[in-house]
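Residue-level listing of the chains:
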Amino acid sequence: MLTNFIVALVERILNTSLKLDSTLIDKLEPVSHKRLLIDIRDWQQQFLLVFTEQHLHLYSTNEKQFDCMISGDIDTLIALKNPAMLTQLIRQDKLDLQGDLNIAQGFSNAFSAMDIDWPEHFSRYLGDAPAQQLWQIMQNAKRQGLVTDKKVAATLTQLCQDELKVTIHPLELDQFKQQTRQLKGQVAQLEQRINQLLQLH
Amino acid sequence: MNENQEKTTHFGYKTVAETEKASMVADVFHSVAAKYDVMNDLMSFGIHRLWKRQTIASSGVRKGHHVLDLAGGTGDLTAKFSQLVGDTGQVVLGDINSSMLKVGREKLHNLGLVSNIDYVQMNAEALPFPDNSFDLITIAFGLRNVTDKDKALRSMYRILKPGGRLLVLEFSKPEHEVLSKAYDFYSFNLLPKMGELVANDSESYKYLAESIRMHPDQDTLKSMMEDAGFEQTTYQNLTGGIVALHRGFKY
Ligand SMILES: C[S@@+](CC[C@H](N)C(=O)[O-])C[C@H]1O[C@@H](n2cnc3c(N)ncnc32)[C@H](O)[C@@H]1O
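Those sequence lines, one after another, are chains A and B.
Quick note on numbering: our numbering labels position 149 of the first sequence as 152, and the sequence is numbered without any gaps.
Quick note on numbering: our numbering labels position 217 of the second sequence as 252, and the sequence is numbered without any gaps.
Only chain A is shown next, with the shape it has when bound in the complex (with noise of 0.2 angstroms):
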C-alpha cells in the first residue's frame, strides 16, 4: 500500500508538470493508450505507465500485458538516460527490451524534456523535512538497491508522526478530535443516566 501511497504522489507530480508545459502533451501523442510496463529487477517491482489524452497514468501492478516493455536495475534503466549506451547494455544482459521500442523511446523523449525538481514537489504535498528525508532515502536506496515496503512503512510511519500532511488535514483532524470529545461526554452522560435508572431499582 506504501508503495501505491508514492507512486499515486509521483503521478500526481508527473500530471502538474505536465499541465504546465502544453507541449509535452503533443510529444506524448504518438505514445498515447500505448501500455509501457517497466521493470525495475533490483526494487522487485513493476510499474505502468499510460498516456491518455491529456494524463498519464503510473500504477504499481503484477500484470504482465504491455505493448513494451523494459526490464533492468534501477542504475541501468538510469543509465539510459544516454541512448548510446544501450545495445551495449542489452549484450551485456542488463538490460531487455521486448514489444515496440517507438513506445520506450517516446516516453524517454517526453520525458528527457521535462524538468522537474523532484524534492520541491515532494515538499508542497508532505511538509520539507518529510519531503527532504524521503528523498534522501530515496537516493540512498537507489545506491544500496531493494526498496523493500518494510523500508518505506518504516520510514512514512516515522514521517507521519513528524508533520506528514497528506492523509488528514489538521482542521478535519481538529474537528474529529472535537466529535470524539462529545461523543465521550454523551457516554459519560448516558453512564450516569444507567447508574441513577439501577440505583432507583
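What the hints contain is simulated information worked out from the structure, not anything from laboratory work.
Model, not experiment: these values are computed from the prediction.
Please note: incorrect hints may appear among the correct ones.
What the hints assert, rightly or not - With a straight-line Cα cutoff of 25 angstroms, these simulated SDA-like cross-link-like pairs (lysine to any residue) come out: (1) B:Lys216 x B:Asn75; (2) B:Lys142 x A:Leu12; (3) B:Lys186 x B:His211; (4) A:Lys22 x B:Lys142; (5) B:Lys98 x A:Asn65; (6) B:Lys87 x A:His36; (7) B:Lys98 x B:Lys184.
With chain A held as given, fit chain B with the ligand onto it using these hints.
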C-alpha cells in the same frame, strides 16, 4: 422450516423480509448520496483512493475495452476507466440508486468526462445486458449491499466476455485480532457518530458498519465466485485485510 414463512435476509444485523431489503438499502444510499464523497474520504482517511488505485492496477484495462462499473455510485472508478479505454471503448456506470447515479453523472461531467460513459440504473442481480458483453466488471464496496449475492455473481459471469475478468473490492476480515478489535470499535462507535455529525445520518452509517460485518470473509467469497463459474480466482488483502480485492476470470 415452515414452507410459508417469508424468505428473510440480513439488513445489517436486522433480519428483514427479502423483498424489503432492496428498498431499505435504497433509502440508505438516497440519504447519503450528496455527502457520499466527503464521508468516504473522512471515514477511511482517504485510503479508499489507494484501494481503488489497486483495483485499476489489477484490471488489465486498455484502449477499446468495454467496462461495467457496477454499484459504481459516484463514479470514482468510472472516471479512470473512461480515460483508459479511450474513445473506442465504453464504460457503463451502473447503480440501483438514482440519487447516486445523479451525483456521479454531475461529478464526471464536471471533470469533462462525457463521450464514452453511459449511466444505467440496474440491479446487480439481473443485469440488463446480453451474454458476453464486457471485458471487465468491477464492483467496489457494492456486493455487500446486494440481497442475493450468488445470483448477482452468476449474472456478472453471464455478461462477461470469455477472457474477461471480475474484480470485487469489498470490506473483509482483518488478518489480525488486534486490528480487528480496533476496527470494530472504530466502525461501531465512531463511524455512526461521524455520520451523524457530517451527514446528519447516523442510522445509515450504522447500517454500513453492520453490513460490513455480515459480508462473507475472503475464502467464502472466493468459493462463491468459483460456484458462479469464475476461474483462476484469487484475492489480495489490502490494509491488513480490512479490505480485500478478489479477482476471477471467465474462460
Ligand atoms: C458504498 S457505495 C459504493 C460506490 C462506489 N463503487 C465507490 O466505491 O465509491 C455502494 C453502492 O451500491 C449500490 N447498490 C446497492 N445495492 C445494489 C444492487 N442490488 N445493484 C446495484 N447497485 C447496488 C448503492 O446504490 C451504492 O451506490
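Decide if the proposed pair is consistent with the structure: B:Lys142 and A:Leu12, CA atoms, cutoff 25 angstroms inclusive. holds (22 angstroms)
Satisfaction of hint between A:His36 and B:Lys87, Cα-Cα up to 25 angstroms: holds (20 angstroms)
Given hint B:Lys142 paired with A:Lys22 - CA-CA distance at most 25 angstroms: Judged against 25 angstroms, a Cα distance of about 21 angstroms means the pair holds.
Between B:Lys186 and B:His211, does the CA-CA distance stay at or below 25 angstroms? violated (31 angstroms)
Is B:Lys216 within 25 angstroms of B:Asn75, Cα to Cα? Given that 25 angstroms is the threshold and the Cα spacing comes to 21 angstroms, the pair holds.
B:Lys98 and B:Lys184: Cα distance at most 25 angstroms? violated (30 angstroms)
25 angstroms limit on alpha-carbon distance, applied to hinted pair B:Lys98 and A:Asn65: holds (19 angstroms)
Checked against the numbered hints given earlier, the structure breaks hints 3 and 7 and satisfies all the rest.
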